[in-house]
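Undergrad: Please construct the entire structure, taking both the sequences and the accompanying hints into account.
2 protein chains.
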Amino acid sequence: MKKKHFLKLALLFTFVGGMCVAQTPPSKVIEDFKPSELNQPGKEYPQVNSQGYARFRVDVPEAGSVRVSLGLGGRGGTKLEKMEDGSWMGTTEGPMDEGFHYYHLTIDGGIFNDPGAMNYFGSLRWESGIEILAHDRDFFALKDVPHGNVQQILFSSKSTNTVRRAFVYTPPGYGKNLTEKYPVLYLQHGWGEDETAWSNQGRVNLIMDNLIAEGKSKPFIIVMTYGMTNETKIGGLKSFDIAPFQTVLVDELIPYIDVNFRTLNGADNRAMAGLSMGGFETKLITLNKPAVFSYYALLSGGVYAPEDIKDKSTVKLIFESCGSRENPERVNSSVKSLKEADFNAVSYVSENTGHEFLTWRRSLKELAPKLFK
Amino acid sequence: MKKKHFLKLALLFTFVGGMCVAQTPPSKVIEDFKPSELNQPGKEYPQVNSQGYARFRVDVPEAGSVRVSLGLGGRGGTKLEKMEDGSWMGTTEGPMDEGFHYYHLTIDGGIFNDPGAMNYFGSLRWESGIEILAHDRDFFALKDVPHGNVQQILFSSKSTNTVRRAFVYTPPGYGKNLTEKYPVLYLQHGWGEDETAWSNQGRVNLIMDNLIAEGKSKPFIIVMTYGMTNETKIGGLKSFDIAPFQTVLVDELIPYIDVNFRTLNGADNRAMAGLSMGGFETKLITLNKPAVFSYYALLSGGVYAPEDIKDKSTVKLIFESCGSRENPERVNSSVKSLKEADFNAVSYVSENTGHEFLTWRRSLKELAPKLFK
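Residue numbers (full-length UniProt numbering), protein chains in the order written: chain P, 1 to 373; chain Y, 1 to 373.
I should point out that these hints are in silico values taken from the structure, not numbers from a laboratory. Honestly, I wouldn't trust all of these hints.
Reference excerpt, derived from the structure (chain P facing chain Y, CB under 8 Å, subset only) [unchecked claim]:
id	residue
1	G109
2	W126
3	L142
Calculated lysine-lysine pairs in the DSBU-like style (CA-CA distance at most 30 Å, straight line) [said to hold, decoys possible]:
id	chain 1	residue 1	chain 2	residue 2
4	Y	K176	P	K218
5	P	K143	Y	K158
6	P	K158	Y	K365
7	P	K373	P	K312
8	P	K143	P	K176
9	P	K373	Y	K176
10	Y	K312	P	K158
11	Y	K82	P	K82
12	Y	K158	P	K176
13	P	K373	P	K176
14	Y	K43	P	K176
15	P	K158	Y	K43
16	P	K216	Y	K158
17	P	K176	Y	K336
18	P	K34	P	K218
19	P	K82	P	K34
20	P	K158	P	K181
21	Y	K339	Y	K316
22	Y	K158	P	K365
23	P	K370	P	K310
24	Y	K218	P	K176
25	Y	K316	P	K158
26	Y	K339	Y	K312
27	P	K310	P	K373
28	Y	K312	Y	K365
29	P	K289	P	K316
30	Y	K370	Y	K336
31	P	K43	Y	K158
32	P	K336	P	K373
Pair ranges (Cβ atoms, derived) [as the list claims (entries may be wrong)]:
id	chain 1	residue 1	chain 2	residue 2	range
33	Y	E31	P	S239	32 to 40 Å
34	P	D342	Y	D258	48 to 56 Å
35	Y	L133	P	S239	29 to 37 Å
36	Y	D308	P	G42	30 to 38 Å
37	Y	D136	P	N161	51 to 59 Å
38	P	L287	Y	V163	39 to 47 Å
39	Y	K28	P	S65	35 to 43 Å
Each residue gets a CB set at the ideal place from its N, CA and C atoms; glycine is no exception.
TA: Next up, the structure:
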């Protein structure tokens, strides 16, 4: 059983080589490069163009070699060339998929972040991030609409003997409408990420603020905490067991949230969702604890079979999604069989994206309007 | 006037060369090095020992030179030596001051962060951070006490035509005690930092949680936003003018906080404090807006003269502090003259620290119990 889980995990969380490259290079690179919107203040590089190419420039005059992990994954990323001014520059060989990508530099054999870019926790470390402008980016843009807040909470966990961190999105108006109570979505990150991922890379707050401003989603609370509670070593999966995290989430975090936030109680007002490994955790916990959650969502994180679920009456929604470069057939056929078994099941496939955050931002945008109806 | 301001700023915000080195090296380095508590998950380096030495190790096998900006500032920091395994290692020549330090690596002439350390926004970029264990670190430690939250808010600013970010600390119990209202401290970062500094480097939430748990401080709200509103270029100070930031703070942020948080209104329930350049801003704004704030605090950020203040009756407290390696005489003589002029003035000097965050963490610990009495 444990071995089977490990194999499943290995399949789920192995990144596909070359996933970032969208298509065969067009014949001409358009010279309309602009600084990536995830750059540090005032930094000109990295840049992206309207076709999805990324261009890098790093000042390291005495280096012998500089490579960027992005670009043609299987072929070692993008090699930069030394310029006359001592900087190193290069452009990806082809356009990349729209959306957010993690990357890093390899300088003289050492791994470093790009000093031009902001950092995001993924692959068990703070990595550089770059944003290839998505044609549909409006849904996660910062707009002048009423904004919810993202707050860091610290809660005591007896089972792990630690004080643990979570981030909580509260919708616009939460601080003013003091008699209103809200349903709650518990939302998990993927392997190698942490509780910062959904708000930093995922833009969960902006997606929700925009949906709520357009009247497309009910306002609800979103809780994001660290899901790799059982590891003996950082990122270790060999001994994966859902029990420790399930205890933290169900017996410690949910009660803390229900006391410290104005929540609507009961399974009808609770959803769980996760991306990649967080989807795997969501599946295990929702099946183990049918009295706790009524809405289930797996984003690039496996599927349910109808026979997994003992009591159909406790499940209000099953949502399954992935990128078109992942395994949409699996999601679609799972949802088909769930529907045939009379579940309220919904599939979503993000076009032209892989196992990356634009898939999950879009999935959240599709999921949110279907929750707590 | 503008020129005078610029000169003052230049004096205030110039970092003192070599400020990180505490004393003459002791004869023997004790080999009890442990990973810095600000390391990324699972990273063994950088390390610190019980004397305050820092040791660095970076894997960059083909580099020609690796230096760390920490150590003997005026003499180019700490030069690392190439080891047989391809890594570069080195230890500071002497022990460093207790507390938090920003640093970076210079690798083959390029500036990068240490892949072992977490990043903190300072010097206009995300820098590496290291923590030399302070003998009094208990007051900012993460303990199993009731915790307040730190929340990111996004507020609309008509004067700058932007949506702006602030972080708001709400004390333990804020989410439960829905009829309670709280006073507010507006707390500014220094030059080259941003609105993340006080909670990340400053540990403002842990300091407050601990003080409140010990009954030493009243619970209050703390609001931290970006203070360099008027810059034409990132970090630019030549055209410094307090008006744009004053408008954002007083006319836009304070009203937003008063609507969206349960605040006690009026100057008696409002304090302003800032470190370094944030102190300079605090002085200007409190003097320009005597009807808005009653508690003033400058942390390594200048002093008030009695004649600066037109109406003594509106001022409940003036707090001025700095590190003992800065200019304590200036703080002490200012407070002496303020007291002689019948102000409720308090000075605080942090022992054996300079223009760095341990000075400001300690200053906040001293300040908080004196607010809103």
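Undergrad: The structure should be examined with respect to each hint, and the outcome stated for every one.
TA: Against the structure, the hints:
Interface restraint check: P/G109 against chain Y, minimum CB-CB distance 4 Å, threshold 8 Å, status holds. For P/W126, the shortest C-beta to C-beta distance to chain Y is roughly 6 Å, which falls under 8 Å, so the interface hint holds. Hint status for P/L142: holds, given a least beta-carbon distance of 6 Å to chain Y, under 8 Å. The straight-line distance between the Cα atoms of Y/K176 and P/K218 is roughly 23 Å, inside the 30 Å bound, and the hint therefore holds.
In summary, the hint linking P/K143 to Y/K158 is supported, as the alpha carbons are separated by about 13 Å, within the 30 Å threshold. Note on P/K158 and Y/K365: the hinted pairing holds, with a Cα-Cα distance of about 29 Å set against a maximum of 30 Å. Between P/K373 and P/K312 the alpha-carbon distance is near 17 Å, which keeps this suggested pair within the 30 Å criterion. Our distance criterion of 30 Å between C-alpha atoms is met by P/K143 and P/K176, whose separation comes to about 21 Å.
For the given pair, P/K373 sits about 27 Å from Y/K176 by alpha-carbon distance, which is consistent with the 30 Å threshold. Under the criterion of a C-alpha separation no larger than 30 Å, the hint pairing Y/K312 with P/K158 is inconsistent with the structure, at around 51 Å. A hinted pair counts as satisfied when its Cα atoms are at most 30 Å apart, and Y/K82 with P/K82 qualifies at roughly 24 Å. Under the criterion of a C-alpha separation no larger than 30 Å, the hint pairing Y/K158 with P/K176 is consistent with the structure, at around 21 Å.
Using a Cα cut-off of 30 Å, the hinted pair P/K373 and P/K176 holds, with the two alpha carbons roughly 23 Å apart. For the proposed pair Y/K43 and P/K176, the alpha carbon gap of about 43 Å is over 30 Å, so the pair is violated. Restraint check: the Cα-Cα separation between P/K158 and Y/K43 comes to about 26 Å, which is no more than 30 Å; the hinted pair holds. Note on P/K216 and Y/K158: the hinted pairing holds, with a Cα-Cα distance of about 27 Å set against a maximum of 30 Å.
For the hint pairing P/K176 with Y/K336, the CA-to-CA distance comes to about 44 Å; that exceeds 30 Å, so the pair is violated. The straight-line distance between the Cα atoms of P/K34 and P/K218 is roughly 36 Å, outside the 30 Å bound, and the hint therefore fails. The straight-line distance between the Cα atoms of P/K82 and P/K34 is roughly 21 Å, inside the 30 Å bound, and the hint therefore holds. At roughly 27 Å between alpha-carbon atoms, P/K158 and P/K181 fall within 30 Å of each other, so this suggested pair holds.
Restraint check: the Cα-Cα separation between Y/K339 and Y/K316 comes to about 12 Å, which is no more than 30 Å; the hinted pair holds. Between Y/K158 and P/K365, the direct Cα distance comes to roughly 29 Å. Compliance with the 30 Å bound is thereby established for this hinted pair. Our distance criterion of 30 Å between C-alpha atoms is met by P/K370 and P/K310, whose separation comes to about 23 Å. Straight-line distance between C-alpha atoms of Y/K218 and P/K176 comes to about 23 Å, which keeps the hinted pair within the 30 Å bound.
Proposed proximity of Y/K316 and P/K158 is contradicted: the alpha carbons are some 43 Å apart, above 30 Å. Simply put, Y/K339 and Y/K312 have alpha-carbon atoms about 12 Å apart, close enough for the 30 Å limit, and the pair holds. Using a Cα cut-off of 30 Å, the hinted pair P/K310 and P/K373 holds, with the two alpha carbons roughly 23 Å apart. Of the supplied pair hints, the one linking Y/K312 and Y/K365 holds, its CA atoms being roughly 26 Å apart against a limit of 30 Å.
Distance hint between P/K289 and P/K316 is fulfilled; the C-alpha atoms sit about 14 Å from each other, no more than 30 Å. Between Y/K370 and Y/K336, the direct Cα distance comes to roughly 18 Å. Compliance with the 30 Å bound is thereby established for this hinted pair. Our distance criterion of 30 Å between C-alpha atoms is met by P/K43 and Y/K158, whose separation comes to about 26 Å. The straight-line distance between the Cα atoms of P/K336 and P/K373 is roughly 22 Å, inside the 30 Å bound, and the hint therefore holds.
The hint said 32 to 40 Å for the Cβ distance between Y/E31 and P/S239, and at roughly 33 Å that hint holds. Taking 48 to 56 Å as the suggested C-beta distance range, the pair P/D342 and Y/D258 conforms, at roughly 51 Å. Range check, Y/L133 to P/S239: Cβ separation about 32 Å, and the 29 to 37 Å hint holds. The supplied range of 30 to 38 Å is met by Y/D308 and P/G42, whose beta-carbon atoms lie about 34 Å from each other.
Our hint of 51 to 59 Å for Y/D136 and P/N161 is violated, since their Cβ atoms are close to 25 Å apart. A beta carbon spacing of about 41 Å between P/L287 and Y/V163 agrees with the range 39 to 47 Å that was offered as a hint. At about 40 Å, the beta-carbon gap between Y/K28 and P/S65 stays in the expected band of 35 to 43 Å.
Taken one by one, the earlier hints fail for this structure at numbers 10, 14, 17, 18, 25, 37, listed in ascending order.
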